[in-house]
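Student: This is what each chain is made of:
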Amino acid sequence: MKKVLIVDDASVVRLLIKKILKQSDDFTIIGEATNGKDALIKYKELRPDVVTMDMIMPEADGIQATKDILAFDEDAKVVIISSIDQKEMLIQAINAGASSYIVKPFESDRVISTLNEVLNN
Amino acid sequence: MQITKEHIKMLDIIIKISIDNASRAFSKAIKHGALIELARTELVDVSEITEEMNNDFREMAGAMLQLNGALKGKLLFMIPFDGALVLQDYYMCSPQGTSTEFNEYTEATVQEIGNILASSIGNSLASDFGSTVLPTPPQIICDFAGTIFSSLILEEGMIQDKILLIEAKFKIYHSEIDSYFFLLLDIDTMEELLSKLEQSTRGT
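Going line by line, the protein sequences match chains A and B. 29 is the number that the working numbering gives to position 29 of the first sequence; each next residue is one higher, with no gaps. 260 is the number that the working numbering gives to position 139 of the second sequence; each next residue is one higher, with no gaps.
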């Protein structure tokens, strides 16, 4: 089972992602973080296989947190899950080292297939 | 630059398209059809609109965000408590009636719906003008409608007598819930946007 860290400031989104991932036998949720700073701390502590990362969060945003995680572990897999669907931000996410990008509101299948793709690549 | 009726008309069209996109995102998020009605796009008197809102004594949950980038502004999504519980069940795909008490998940649902709406409007404006418009993390306020609305216009009301207000109502099919949506655009960045629009209109 692949270990997932969920990062989002909205508890209801974390709950929804957990619900979706529990439908699959491939994933186990090992932790949650509510902002970018917390995400880096949890990453270092839990060493997940993949991180789902919100973009707009208090403290440090998802782009900064992705950069910080990649600076700590260059093999880290981070999937941005955000309602921002703007070219400039997609470029920033990819430049930060994100492995993929899912636009909210999302379909369950899309979340599972994207995480699988990122992990299998 | 003075804001004329023509400007308001242009803005009304842009906002209608943006809000229509937001409405689709909203429907997808709650996995349920939602209808949007743009109530008004107009320059309103701060004292009059405040008084109007102060007459609404319902307790509501509001998500307030700022838009930053090419177009600056503030956005407020506001829904009565009972409506927020219905919204929570839709969002979490739970049978209706599951959520009976307003709790941190209800608050987070309003927060996330506010975020999706603001992002959707930002995405639409950014795509129209080839720029970036980003929302801040939503701030949640639970209070009477008038009090929540006052927090939205507090700063602007101190500086100017009139504000440009965009008001819309969301109706969720099969549920008698109205939610309110206000967009308060920063006059300076909006003037830039309108002048860009005028130039592109003259060019065609």
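The set of hints was computed from the structure by calculation and includes no laboratory data. Accuracy of the hints is not assured; some may be wrong.
[What the hints assert, rightly or not] Computed beta-carbon distance windows for the label pairs:
1. B/161 with A/3: 47 to 53 Å
2. B/179 with A/95: 43 to 49 Å
3. B/260 with A/64: 33 to 39 Å
4. B/149 with A/120: 24 to 30 Å
5. A/64 with B/309: 27 to 33 Å
6. B/178 with A/95: 25 to 31 Å
[What the hints assert, rightly or not] Not everything, but these chain A residues come out facing chain B in the computed CB check (under 10 Å):
7. 73
8. 103
9. 106
10. 109
[Unchecked claim] Calculated cross-link-like contacts (lysine to aspartate or glutamate; reagent style EDC-like; alpha-carbon spacing at most 20 Å):
11. B/152 with A/107
12. A/87 with B/249
13. B/137 with B/163
14. B/193 with A/85
15. B/152 with A/109
16. B/283 with B/141
Heads up, the beta-carbon is just placed ideally off N, CA and C, and yes, glycines get one too.
Student: Each hint should be assessed against the structure and marked as holding or not.
Tutor: Hints and how they fare:
{"no.": "1", "hint": "B/161 with A/3: 47 to 53 Å", "result": "holds, 50 Å"}
{"no.": "2", "hint": "B/179 with A/95: 43 to 49 Å", "result": "holds, 46 Å"}
{"no.": "3", "hint": "B/260 with A/64: 33 to 39 Å", "result": "violated, 20 Å"}
{"no.": "4", "hint": "B/149 with A/120: 24 to 30 Å", "result": "holds, 27 Å"}
{"no.": "5", "hint": "A/64 with B/309: 27 to 33 Å", "result": "holds, 28 Å"}
{"no.": "6", "hint": "B/178 with A/95: 25 to 31 Å", "result": "violated, 50 Å"}
{"no.": "7", "hint": "73", "result": "violated, 26 Å"}
{"no.": "8", "hint": "103", "result": "holds, 9 Å"}
{"no.": "9", "hint": "106", "result": "holds, 9 Å"}
{"no.": "10", "hint": "109", "result": "violated, 14 Å"}
{"no.": "11", "hint": "B/152 with A/107", "result": "holds, 10 Å"}
{"no.": "12", "hint": "A/87 with B/249", "result": "holds, 12 Å"}
{"no.": "13", "hint": "B/137 with B/163", "result": "holds, 13 Å"}
{"no.": "14", "hint": "B/193 with A/85", "result": "holds, 18 Å"}
{"no.": "15", "hint": "B/152 with A/109", "result": "holds, 15 Å"}
{"no.": "16", "hint": "B/283 with B/141", "result": "violated, 26 Å"}
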